[in-house]
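Number of protein chains: 2
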Amino acid sequence: MDPFLQAAIEEARAGLAEGGIPIGSVLVLGDKIIGRGHNRRVQKGSAILHAEMDCLENAGRLTANDYRQSTLYSTLSPCDMCSGTALLYGIPRIVIGENRTFQGPEEYVRSRGVELTLVDDPTCVELMKQFIAAHPELWNEDIGK
Amino acid sequence: MDPFLQAAIEEARAGLAEGGIPIGSVLVLGDKIIGRGHNRRVQKGSAILHAEMDCLENAGRLTANDYRQSTLYSTLSPCDMCSGTALLYGIPRIVIGENRTFQGPEEYVRSRGVELTLVDDPTCVELMKQFIAAHPELWNEDIGK
Chain P
1 MDPFLQAAIE EARAGLAEGG IPIGSVLVLG DKIIGRGHNR RVQKGSAILH
51 AEMDCLENAG RLTANDYRQS TLYSTLSPCD MCSGTALLYG IPRIVIGENR
101 TFQGPEEYVR SRGVELTLVD DPTCVELMKQ FIAAHPELWN EDIGK
Chain V
1 MDPFLQAAIE EARAGLAEGG IPIGSVLVLG DKIIGRGHNR RVQKGSAILH
51 AEMDCLENAG RLTANDYRQS TLYSTLSPCD MCSGTALLYG IPRIVIGENR
101 TFQGPEEYVR SRGVELTLVD DPTCVELMKQ FIAAHPELWN EDIGK
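In order, the protein sequences belong to chains P and V.
Counting from 1, one number per residue, gives the positions in the first sequence under full-length UniProt numbering.
Counting from 1, one number per residue, gives the positions in the second sequence under full-length UniProt numbering.
Treat the hints with care, as some may be off.
For chains that are exact copies, the list does not tell them apart, and a pair is met inside one copy or across any two.
[Unchecked claim] Mimicking SDA-like on lysine to any residue, the simulated pairs with C-alpha atoms at most 25 Å apart in a straight line are:
hint : residue 1 : residue 2
1    : Lys129    : Pro92
2    : Lys44     : Met1
3    : Lys44     : Gly60
4    : Lys44     : Phe131
5    : Lys44     : Asp120
6    : Lys145    : Thr63
7    : Lys145    : Asn58
8    : Lys145    : Met1
9    : Lys145    : Glu106
10   : Lys44     : Ile34
11   : Lys145    : Asp31
Keep in mind the hints are simulated off the structure, nothing from the lab.
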């Protein structure tokens, strides 16, 4: 498996172990992970720390040039917020673990010039399926339903 | 003036007084402000705390029903990230102080069913114009340029 997607899955598992929603993300520049994070809605009582947001926040204040050469990995299809953040910073590539349990505005993001790669990874699907079955209310809250 | 836009301007001024980028935001439900915030890129070394994000984070974990009855105020046209966050939560109305110094994806947000109101307030414009002239590098960083 792609080691960067594997790292995002490890982040998702770390979140699950903390009692959180199992979605993980890493930001990659060249062959290095420069940011990593996971959903912290539960852990921090946060309305904005989806995995990708936590990852980008942990990466710190980067130059526009760095963002424009980076790739964002997420175990799950990025929602409107996280997709918008990738657009704000001009991140050119997003690798998505799966979009079976949730699908963000992929068409729109593509129309803005971002290259999306869908892996359709069974581990990512299984993590979400089990979590959604066990905690539907928490999941709905996370996607504004 | 609309007291809620006034409150957002007060947030912008508070940010400026802290050495930050002067953009403020409030979230309004009924006739009450339920969240307020301002850009904290400088103050917290944050890549994600635009004014609207700080406001929504400070509002805490709300129900979908609350978001769907609320109005988001911002002194400046919301960027891709902040617009996406409003879309995620189904916030139906956004009141924008000004869009002369920066314009987010207003057409797209409207196409998703959000009602945008542009006030074109001279105080909001002046706050940004002066800041951008004094700190162009910080402003460019904030919008991913």
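For this session: Give the relationship of Lys145 and Asn58 under a CA distance limit of 25 Å: within one copy only, between copies only, both, or neither.
Result: Close across copies (20 Å), not inside one copy (27 Å); limit 25 Å.
For this session: Using 25 Å as the alpha carbon limit, work out where Lys145 and Met1 are close: within a copy, between copies, both or neither.
Result: neither (33 Å within a copy, 34 Å between copies)
Problem set entry | Intra/inter-copy verdict for Lys44 and Met1 if alpha-carbon distance must be at most 25 Å | Answer is neither; intra-copy 31 Å and inter-copy 36 Å both fail.
Exercise. From the Cα coordinates, with 25 Å as the cut-off, is the pair Lys44 and Ile34 best called within, between, both, or neither?
Worked result: Cα proximity of Lys44 and Ile34: in one copy and across copies (22 Å, 19 Å).
Problem set entry | Within, between, both or neither, where Lys145 and Thr63 count as close if Cα-Cα is 25 Å or less | between (35 Å within a copy, 8 Å between copies)
Exercise. Between Lys145 and Asp31, at a C-alpha cutoff of 25 Å, which is it: within one copy, between copies, both, or neither?
Worked result: Classified as between: cross-chain Cα gap 23 Å, same-chain 37 Å, threshold 25 Å.
Exercise. From the Cα coordinates, with 25 Å as the cut-off, is the pair Lys145 and Glu106 best called within, between, both, or neither?
Worked result: both (19 Å within a copy, 23 Å between copies)
For this session: Using 25 Å as the alpha carbon limit, work out where Lys44 and Asp120 are close: within a copy, between copies, both or neither.
Result: Neither way: Lys44 and Asp120 sit 29 Å apart in one copy and 36 Å across, limit 25 Å.
Exercise. How would you classify Lys44 and Gly60 at a CA-CA limit of 25 Å: within, between, both, or neither?
Worked result: Close inside one copy (18 Å) and across copies (10 Å); limit 25 Å.
For this session: Tell me, please, which holds for Lys44 and Phe131 at an alpha-carbon limit of 25 Å: within, between, both or neither?
Result: Within one copy only: 18 Å inside a chain, 32 Å across chains, cut-off 25 Å.
Problem set entry | Homomeric proximity label, Lys129 with Pro92: Cα distance no greater than 25 Å | This pair counts as neither: shortest intra-copy Cα distance 29 Å, inter-copy 30 Å.
In summary, the structure is inconsistent with hints 1, 2, 5, 8 from the numbered list given earlier, while agreeing with the others.
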